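Residue numbering for the sequence shown follows the numbering used here, beginning at 1 and increasing consecutively.
No lab work stands behind these hints: they were computed from the structure.
Just so you know, not all the hints are guaranteed correct.
Here are the computed lysine-lysine pairs in the DSSO-like style, where the Cα-Cα straight-line distance is at most 27 Å [what the hints assert, rightly or not]:
(1) K65 / K51
(2) K126 / K138
(3) K103 / K138
(4) K85 / K109
FRET-style restraints, in silico, Cβ to Cβ [as the list claims (entries may be wrong)]:
(5) Y212 / E107: 52 to 62 Å
(6) G155 / I127: 11 to 21 Å
(7) L202 / K103: 37 to 47 Å
Remember, predicted model here, so these are calculated numbers, not experimental data.
From the three backbone atoms N, C-alpha and C, an ideal C-beta is built for every residue, glycine too.
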Amino acid sequence: MNTINPLSFREEINPNITDKGAFPYRTVTDTGRAAEAQPLAGVDRMKQLEKMLQEAQGRAEVIEKEAYDNAYLAGEKAGMALGQKRAEQLLESIQETLQGAEKSIDEVKLAFAETALDVAQHIAEKIIAETLDTDRSKLWQIAEQAAEHLPDTSGLRIAVAPADHAIFKRLLDESELMAILTSDDAIQPATCRIISIQEDILIDPVAAVANYMDQLRPELLTETVVTPESNDGPQA
Numbered sequence: 001m002n003t004i005n006p007l008s009f010r011e012e013i014n015p016n017i018t019d020k021g022a023f024p025y026r027t028v029t030d031t032g033r034a035a036e037a038q039p040l041a042g043v044d045r046m047k048q049l050e051k052m053l054q055e056a057q058g059r060a061e062v063i064e065k066e067a068y069d070n071a072y073l074a075g076e077k078a079g080m081a082l083g084q085k086r087a088e089q090l091l092e093s094i095q096e097t098l099q100g101a102e103k104s105i106d107e108v109k110l111a112f113a114e115t116a117l118d119v120a121q122h123i124a125e126k127i128i129a130e131t132l133d134t135d136r137s138k139l140w141q142i143a144e145q146a147a148e149h150l151p152d153t154s155g156l157r158i159a160v161a162p163a164d165h166a167i168f169k170r171l172l173d174e175s176e177l178m179a180i181l182t183s184d185d186a187i188q189p190a191t192c193r194i195i196s197i198q199e200d201i202l203i204d205p206v207a208a209v210a211n212y213m214d215q216l217r218p219e220l221l222t223e224t225v226v227t228p229e230s231n232d233g234p235q236a
């Protein structure tokens, strides 16, 4: 009797199959490929993030540059406005200084002019006084010319100081002028009075120079010192 051996199959081991779970199942090879795909996806994501970061940094730099340029322009305009204001203030200060200097110069000119006129008047008076002291005929010439210009010489009299009577008597005798010579203690030497029916004139050459200088002084000072009003009109 033959013995029947049960059927048996040779079990072949598939090295690629380690997991025989419920269908569907994955092989070890498939699992390895999935594991390799995950790092590749992470790398791509990192590159995308780096690219986004670079783009964001670029946009930030552009924005920063625009903000800086705008701020610089605004600051430049503000600086120009401030500089212009300071320049105007400086110019105004310089103008005020110049006006003050011109005023001071005018005052100095006026003082010098007044002093010069005083000196000129003093010199003129001194020269005339010395001339009359040394030559009384000069006083007689003035008196004679004044008498000739009178509208009426009838009853003409010439009054002189006692010290000048002798000299005038001689000069009157040599002149064609018809007058009566008198001596008056109230009359100062080097002066005389011409007296007619209508006129009574004091001849005092030294005093006449002083009066003449006093009359000319305002005009001479105005011509010497020219004020800003005369050049540019009244100042506001």
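Tested hints:
no., hint, in the structure
1, K65 / K51, "holds, 21 Å"
2, K126 / K138, "holds, 15 Å"
3, K103 / K138, "violated, 45 Å"
4, K85 / K109, "violated, 36 Å"
5, Y212 / E107: 52 to 62 Å, "violated, 26 Å"
6, G155 / I127: 11 to 21 Å, "violated, 35 Å"
7, L202 / K103: 37 to 47 Å, "holds, 42 Å"
Checked against the numbered hints given earlier, this structure breaks hints 3, 4, 5 and 6; the rest are met.
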